[in-house]
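*Asks:* Sequence order for the protein chains is A and B. So in my numbering, spot 140 of the first sequence is number 140, and the numbers just go up one at a time. So in my numbering, spot 101 of the second sequence is number 101, and the numbers just go up one at a time.
Be aware that a few hints might be false.
Where chains are identical, the list cannot tell them apart; a pair therefore holds if satisfied intra-copy or between any two copies.
Below, in silico cross-link-like pairs of lysine-lysine (DSS-like), each with a Cα-Cα straight-line distance of 30 Å or less [as the list claims (entries may be wrong)]:
(1) K11 / K72
(2) K72 / K55
(3) K55 / K11
(4) K72 / K147
(5) K147 / K11
(6) K71 / K55
(7) K136 / K55
(8) K11 / K138
It is worth saying that the hints were derived from the structure and are not from the lab. Every value quoted in this text rests on a predicted model; they were computed, and no experiment measured them.
Number of protein chains: 2
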Amino acid sequence: MVNIIHRVGIKAPLQEVYDAVSTIEGIAGWWTEDTSGTSQVGKTIVVRFHSADGKEIGSMNMEVTGLEPGKKVSWKFTAGPEEWIGTEATFDLQQEGDYTIIIFGHRNWRDQVEFTAHCSMKWGIFMLSLKELVEKGKGRPSPNDIKIDNWN
Amino acid sequence: MVNIIHRVGIKAPLQEVYDAVSTIEGIAGWWTEDTSGTSQVGKTIVVRFHSADGKEIGSMNMEVTGLEPGKKVSWKFTAGPEEWIGTEATFDLQQEGDYTIIIFGHRNWRDQVEFTAHCSMKWGIFMLSLKELVEKGKGRPSPNDIKIDNWN
Numbered sequence: 001m002v003n004i005i006h007r008v009g010i011k012a013p014l015q016e017v018y019d020a021v022s023t024i025e026g027i028a029g030w031w032t033e034d035t036s037g038t039s040q041v042g043k044t045i046v047v048r049f050h051s052a053d054g055k056e057i058g059s060m061n062m063e064v065t066g067l068e069p070g071k072k073v074s075w076k077f078t079a080g081p082e083e084w085i086g087t088e089a090t091f092d093l094q095q096e097g098d099y100t101i102i103i104f105g106h107r108n109w110r111d112q113v114e115f116t117a118h119c120s121m122k123w124g125i126f127m128l129s130l131k132e133l134v135e136k137g138k139g140r141p142s143p144n145d146i147k148i149d150n151w152n
Numbered sequence: 001m002v003n004i005i006h007r008v009g010i011k012a013p014l015q016e017v018y019d020a021v022s023t024i025e026g027i028a029g030w031w032t033e034d035t036s037g038t039s040q041v042g043k044t045i046v047v048r049f050h051s052a053d054g055k056e057i058g059s060m061n062m063e064v065t066g067l068e069p070g071k072k073v074s075w076k077f078t079a080g081p082e083e084w085i086g087t088e089a090t091f092d093l094q095q096e097g098d099y100t101i102i103i104f105g106h107r108n109w110r111d112q113v114e115f116t117a118h119c120s121m122k123w124g125i126f127m128l129s130l131k132e133l134v135e136k137g138k139g140r141p142s143p144n145d146i147k148i149d150n151w152n
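With the sequences and hints as input, model every part of the structure.
*Replies:* Below, the structure is given as structure tokens:
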């Protein structure tokens, strides 16, 4: 199995970071503006991505598999790109001094393909967006995300 | 073995991207300003990192193990953080339309540790810096790199 794992530190209280990854409003502030559904264990969140001119270019459904306040958020992808289905994303949080540390994982990819490498880079961009949202009040969710290659 | 693999696309001719990853001047423009040594197969490149106030905070030596013009650059780390020694970095390049695509890999980490996750995120930041250097003429090499956590 192939795993993408990034470490980010956000200079903010743990609760603010937890809110940003565990609520629809929070996720819409750093990943994609078009985030809907219900962030409760067993329920589904839907994220849709659009191009600058408004065309939908992709979407994913994820089941919320864990919500441990101030500690961990877990998702399992149930619809979207074929390579994503069955993979899991987790945000493990801990306080270290002035920082809330996130260990973000997107695990259990079947194969290391070029799309995995694209997503690894793109998750880095969205972690930076999450950091900016919490530290500065404004992230760069899709469609205003930093583009990193010819795929997005 | 644990691998970090990122895909980046740079809107520039392949030769410009190759120059940025295969010459001392190029590397100093996106990774760290304090890059020295000789970029020739069998020779060693030294990269040193400094804090904003000039203190050295880390360094690595890498042996250049491959230089295939317009195609691939390979390094093997021979000194630096204990976890890095013996790991290998590669830049695989190919043209796709207006883009030069880089598959960047930092492979053969012994274990998935928190430092691996930090480096995965940090490599994303440096790939972004490389993209900015080639596309806009100015990267963000250390010590002006984007800080992503309490480690750097």
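*Asks:* Could you place K55 and K11 in one of the four classes (within, between, both, neither) given a Cα distance threshold of 30 Å?
*Replies:* between (35 Å within a copy, 23 Å between copies)
*Asks:* Checking K11 and K138: alpha-carbon separation at most 30 Å within a copy, between copies, both or neither?
*Replies:* both (14 Å within a copy, 27 Å between copies)
*Asks:* Given a CA cutoff of 30 Å, do K136 and K55 count as a within-copy pair, a between-copy pair, both, or neither?
*Replies:* For K136 and K55, both the intra-copy (29 Å) and inter-copy (28 Å) Cα distances are at most 30 Å.
*Asks:* Under a CA distance limit of 30 Å, which applies to K72 and K55: within one copy, between copies, both, or neither?
*Replies:* neither (33 Å within a copy, 36 Å between copies)
*Asks:* Could you place K72 and K147 in one of the four classes (within, between, both, neither) given a Cα distance threshold of 30 Å?
*Replies:* Cα proximity of K72 and K147: in one copy and across copies (28 Å, 23 Å).
*Asks:* Classify it for me, K71 with K55: is the Cα-Cα distance of at most 30 Å met within a copy, between copies, both or neither?
*Replies:* neither (36 Å within a copy, 35 Å between copies)
*Asks:* Tell me, please, which holds for K147 and K11 at an alpha-carbon limit of 30 Å: within, between, both or neither?
*Replies:* Both. Shortest intra-copy (25 Å) and inter-copy (11 Å) distances satisfy the 30 Å Cα cut-off.
*Asks:* With 30 Å as the alpha-carbon cut-off, assign the pair K11 and K72 to within, between, both or neither.
*Replies:* within (18 Å within a copy, 38 Å between copies)
Violated hints, listed in ascending order, are 2, 6; each of the other numbered hints is respected by the structure.
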